[in-house]
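Construct the entire structure; sequences and hints are all you get.
In this text, residue positions in the sequence shown follow numbering that gives the first Met the number 0: the first is 0, and each later residue adds one.
Keep in mind that the hints were calculated from the coordinates and are not lab data.
If you're wondering where the values come from, they're calculated on a predicted model, not measured in any experiment.
Don't take each hint at face value.
So the derived label-pair ranges between C-beta atoms look like this [said to hold, decoys possible]:
{"#": "1", "residue 1": "E39", "residue 2": "H261", "range": "18 to 26 Å"}
{"#": "2", "residue 1": "M263", "residue 2": "G38", "range": "18 to 26 Å"}
{"#": "3", "residue 1": "K189", "residue 2": "A112", "range": "51 to 59 Å"}
{"#": "4", "residue 1": "P70", "residue 2": "G196", "range": "12 to 20 Å"}
{"#": "5", "residue 1": "H261", "residue 2": "S47", "range": "23 to 31 Å"}
{"#": "6", "residue 1": "D103", "residue 2": "T240", "range": "53 to 61 Å"}
{"#": "7", "residue 1": "I201", "residue 2": "I161", "range": "33 to 41 Å"}
{"#": "8", "residue 1": "W98", "residue 2": "G118", "range": "38 to 46 Å"}
{"#": "9", "residue 1": "S37", "residue 2": "V165", "range": "45 to 53 Å"}
{"#": "10", "residue 1": "V162", "residue 2": "V198", "range": "52 to 60 Å"}
{"#": "11", "residue 1": "V162", "residue 2": "R247", "range": "50 to 58 Å"}
DSS-like mimics (lysine-lysine), calculated; alpha carbons at most 30 Å apart, straight line [to be verified]:
{"#": "12", "residue 1": "K175", "residue 2": "K91"}
{"#": "13", "residue 1": "K175", "residue 2": "K189"}
{"#": "14", "residue 1": "K88", "residue 2": "K195"}
{"#": "15", "residue 1": "K173", "residue 2": "K59"}
{"#": "16", "residue 1": "K59", "residue 2": "K252"}
{"#": "17", "residue 1": "K59", "residue 2": "K175"}
{"#": "18", "residue 1": "K252", "residue 2": "K215"}
{"#": "19", "residue 1": "K59", "residue 2": "K88"}
{"#": "20", "residue 1": "K43", "residue 2": "K233"}
{"#": "21", "residue 1": "K189", "residue 2": "K88"}
{"#": "22", "residue 1": "K59", "residue 2": "K43"}
{"#": "23", "residue 1": "K195", "residue 2": "K233"}
{"#": "24", "residue 1": "K215", "residue 2": "K91"}
{"#": "25", "residue 1": "K215", "residue 2": "K43"}
{"#": "26", "residue 1": "K59", "residue 2": "K195"}
{"#": "27", "residue 1": "K89", "residue 2": "K189"}
{"#": "28", "residue 1": "K89", "residue 2": "K175"}
{"#": "29", "residue 1": "K173", "residue 2": "K189"}
{"#": "30", "residue 1": "K189", "residue 2": "K233"}
{"#": "31", "residue 1": "K252", "residue 2": "K43"}
{"#": "32", "residue 1": "K89", "residue 2": "K173"}
{"#": "33", "residue 1": "K195", "residue 2": "K173"}
{"#": "34", "residue 1": "K189", "residue 2": "K215"}
{"#": "35", "residue 1": "K195", "residue 2": "K175"}
{"#": "36", "residue 1": "K59", "residue 2": "K215"}
{"#": "37", "residue 1": "K173", "residue 2": "K88"}
Glycine is no exception: its CB is placed at the ideal position from the N, C-alpha and C atoms.
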Amino acid sequence: MANNTADHPPGNSVADGNQEGDFGITVMDLRELMELRSGEAVTKIADSYGDVQGVCRRLKTSPIEGLSGNPVDLEKRHAAFGKNFIPPKKPKSFLALVWEALQDVTLIILEIAAVISLGLSFYHPPGGDSELCGETASGVEDEGEAQAGWIEGAAILFSVAIVVLVTAFNDWSKEKQFRGLQNRIEQEQKFTVIRKGQVIQIPVSELVTGDIAQIKYGDLLPADGILIQGNDLKIDESSLTGESDQVRKSLEKDPMLLSGTHVMEGSGRMVVSAVGLNSQTGIIFTLLGAGDSDEEKKIKKGER
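As structure tokens, this is what we get:
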């Protein structure tokens, strides 16, 4: 469970101790809750909070009216529960991509062949000159081939270098384009929430823990949440679990909604319970190397 740590600045993952104290539930409580599924989650909610309404009360939000949208309140939620942003993994340098390209088995074989060819081209066996003294035309021809033997090895190395550089440049270019597209999607993608009793759309990066979000068919959930009300809601969780079967969500059996999953049928409302690095998707991305080491250290320190 997270301890109150005044020396922690507001961040993306672990809450500032003072700000976290403004709510009746901590970021680590929510992370542990979102790791539960089906009956375990229902039992935990009932035992610890009474029901989903109790979770909303702890988060100081209204299931009907939503948050007030007050900037001070939103900033407190950012400080206590983090922002809905997952720092991208540090891009690989061009030299790292070159090194990766060099690991291709075919290229390694060609490199070895080139080195052997170059070595043999400069190797002259002892007594070779005396054996060639009695020969005329064939000797001159063999000598010419020996002097030009290095060209074959050099040509192979040159070809390998071209292939490696082209491969590395293509990978670097694709990664740059992908990051640009990802940034544009993050800036343009919006999600429907209820604030001050009004249904509005906000950028997904502005979602905060405690928001009441409306979900419908076709939505990609940008944060973890707990179902408040659902109508024949079915979710595709294959991106997280690998299981292709759609999961039916209901208050009685399985109210847990996970970021990165798709709404395949129905509609409903959920209270946002975890965002950014604290969401299930964020935890997976952290394990895969997303985010900087400082954020990961804060998470581990908070868990202790």
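Ascending list of hint numbers which this structure does not respect: 6, 7, 8, 14, 15, 17, 19, 24, 33 and 35
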